[in-house]
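Using the sequences and the accompanying hints, generate a full structural model.
Residues 415 to 622, numbered by our numbering, are exactly what the sequence shown covers, in order.
Incorrect hints may appear among the rest.
[What the hints assert, rightly or not] Calculated pairs, SDA-like style, for lysine to any residue (alpha carbon to alpha carbon, straight line, at most 20 Å):
#1 K509 x S559
#2 K547 x F442
#3 K424 x S542
#4 K424 x S493
#5 K424 x E505
#6 K497 x G587
#7 K424 x K497
#8 K509 x V532
#9 K424 x V487
#10 K582 x K547
#11 K582 x E505
#12 K424 x Q479
#13 K497 x P474
#14 K582 x V514
#15 K476 x G438
#16 K497 x K476
#17 K547 x S518
[Unchecked claim] Derived Cβ-Cβ restraints for the label pairs, each shown as a range:
#18 G433 x R501: 24 to 34 Å
#19 T485 x A538: 26 to 36 Å
#20 A538 x A428: 15 to 25 Å
Calculated directly from the structure, the hints in this document are not laboratory data.
Glycine included, C-beta positions come from ideal geometry on N, C-alpha and C.
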Amino acid sequence: MAIPFDSARKLSAATFPEGTYILGAPSFIDSIPSPAGTRQIQNWTIRGFRVIGLYFNRAPIKANQIPPQSTLVCLVCMSDHVKPDARGNVEWFRKNGVDVKIISGDDALTVSQIAQEVGVPGAAYYISMEKIKDAQIPDLVESYSVFGRVRPEQKAAIIAALQEHGHKVAMTGDGVNDIFGSQESRLLHRHGQRIERREKRQPHRLDG
415 MAIPFDSARK LSAATFPEGT YILGAPSFID SIPSPAGTRQ IQNWTIRGFR
465 VIGLYFNRAP IKANQIPPQS TLVCLVCMSD HVKPDARGNV EWFRKNGVDV
515 KIISGDDALT VSQIAQEVGV PGAAYYISME KIKDAQIPDL VESYSVFGRV
565 RPEQKAAIIA ALQEHGHKVA MTGDGVNDIF GSQESRLLHR HGQRIERREK
615 RQPHRLDG
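Written as structure tokens, this is what we have:
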């Protein structure tokens, strides 16, 4: 029995004869408290690293759900490669009156640290979206520059809310999780492609 990774659960899991192994975002996994693990996660997160945890449970996956109270086995720390011209690009947008907002499925604090590194204005003020309802989004979009733990459908809701506030919105994305948001934006940049959206009712293919 296995659970493939998906952006909503933030984890994947597989049951073997000895038990179940779970790999994913620590805050999304029901686990036995580990003070040392929590300290290490916080230490890496505030430095802008992504953190993934590997957990073990002797119980199997049932009804497509992971077993509760798993044990932390190890933590994996990863860093994003920030391109040398990132800060300069953000500064160019700022000088030309364009607000830059970061919308990510990653941990909000991690995203905030990276956004601060590249000079996104207001990046220290962030919000984690996992408990935010769609009805709340229009009241939040003007207050924050960094949105973390964003679900794919929330990306579309954030863009739609900005448009309702009178903004013209362009989006850049590199994965399937960005499809919802790209359908709402007027302009999409993806893998070096420029796709202009004159009418939302006429969707364009994202693969060229």
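Do the hints match the structure? See the list:
| no. | hint | verdict |
| --- | --- | --- |
| 1 | K509 x S559 | holds (16 Å) |
| 2 | K547 x F442 | holds (18 Å) |
| 3 | K424 x S542 | holds (14 Å) |
| 4 | K424 x S493 | holds (18 Å) |
| 5 | K424 x E505 | violated (32 Å) |
| 6 | K497 x G587 | holds (15 Å) |
| 7 | K424 x K497 | violated (26 Å) |
| 8 | K509 x V532 | holds (15 Å) |
| 9 | K424 x V487 | holds (17 Å) |
| 10 | K582 x K547 | violated (23 Å) |
| 11 | K582 x E505 | holds (19 Å) |
| 12 | K424 x Q479 | holds (13 Å) |
| 13 | K497 x P474 | violated (42 Å) |
| 14 | K582 x V514 | holds (12 Å) |
| 15 | K476 x G438 | holds (18 Å) |
| 16 | K497 x K476 | violated (43 Å) |
| 17 | K547 x S518 | holds (16 Å) |
| 18 | G433 x R501: 24 to 34 Å | violated (46 Å) |
| 19 | T485 x A538: 26 to 36 Å | holds (35 Å) |
| 20 | A538 x A428: 15 to 25 Å | violated (39 Å) |
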